[in-house]
Structures are given as structure tokens and as C-alpha cells.
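Novice: Turn these sequences into a full structure, and let the hints steer you where they fit.
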Amino acid sequence: MSEPAPKHTLDATGLACPLPVLKAKRAMREVGDGEILEILATDRGAVKDFQTFCEVTGHTLESWHDAEGVLTFHIRKRP
Numbered sequence: 097m098s099e100p101a102p103k104h105t106l107d108a109t110g111l112a113c114p115l116p117v118l119k120a121k122r123a124m125r126e127v128g129d130g131e132i133l134e135i136l137a138t139d140r141g142a143v144k145d146f147q148t149f150c151e152v153t154g155h156t157l158e159s160w161h162d163a164e165g166v167l168t169f170h171i172r173k174r175p
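Numbering (the working numbering), first residue to last: 97 to 175.
It is worth saying that the hints were derived from the structure and are not from the lab. One should not assume that every hint holds.
What the hints assert, rightly or not - Quick list of the computed label-pair ranges, beta carbon to beta carbon:
#1 E151 x R125: 30 to 38 Å
#2 G130 x E151: 15 to 23 Å
#3 K119 x E151: 15 to 23 Å
#4 L111 x L157: 16 to 24 Å
#5 E164 x A112: 28 to 36 Å
#6 P175 x A112: 26 to 34 Å
#7 D129 x G165: 17 to 25 Å
Quick reminder that beta carbons are idealized off the backbone N, C-alpha and C, glycines included.
Specialist: Encoded structure:
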């Protein structure tokens with residue numbers, strides 16, 4: 097069974113550290129508990145940044161992948 101499509105997407109392409117994480121933190125306010133925020137980013141440092149972001153906030157990094165230089169992250173908001 098595949099994961100449902102995220103209801104919330106944040107386009108952080110073209111932004112450098114720390115802006116993708118700061119914008120994700122703000123976007124999480126609009127995400128319901130247990131829902132997934134999809135984040136698109138091009139900053140290579142975002143991988144480590146979002147891993148750390150999830151460790152600190154308690155959210156779950158469900159998945160991430162790189163498709164032709166655009167990183168896509170799926171972060172589930174903690175209840």
C-alpha cells in the first residue's frame with residue numbers, strides 16, 4: 097500500500113541554509129498532527145539539516161530522495 101499524497105508542499109528550491117529549515121518550521125504550523133509536509137529543496141546541505149530538524153523537533157523524516165538535483169523530503173508532523 098502506498099503512502100497518501102502529502103496535503104502540504106513547501107517549495108524551498110533555490111534557497112540556501114538555513115532558509116529551507118526555517119520555512120519548514122513555519123509551514124509545520126499549518127500541518128495537522130500526523131500529516132506529511134513535502135519539501136522541495138536544492139541545497140545539498142538540506143539532507144543533514146532536515147535529519148537534525150526532525151531529531152530536535154520530534155517530527156519523522158519519512159523519506160527523501162534526489163531527482164535530478166531537486167531533493168524531496170516527506171516529514172510527518174508529530175502528534
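Novice: Would you mind marking each hint as holding or not holding in the structure?
Specialist: Here's how the hints hold up against the structure:
1. E151 x R125: 30 to 38 Å: violated (20 Å)
2. G130 x E151: 15 to 23 Å: For G130 and E151 the Cβ distance comes to about 19 Å; the hint holds.
3. K119 x E151: 15 to 23 Å: holds (19 Å)
4. L111 x L157: 16 to 24 Å: holds (18 Å)
5. E164 x A112: 28 to 36 Å: violated (19 Å)
6. P175 x A112: 26 to 34 Å: holds (32 Å)
7. D129 x G165: 17 to 25 Å: violated (32 Å)
The structure fails to meet hints 1, 5, 7 from the earlier list, while all remaining hints are met.
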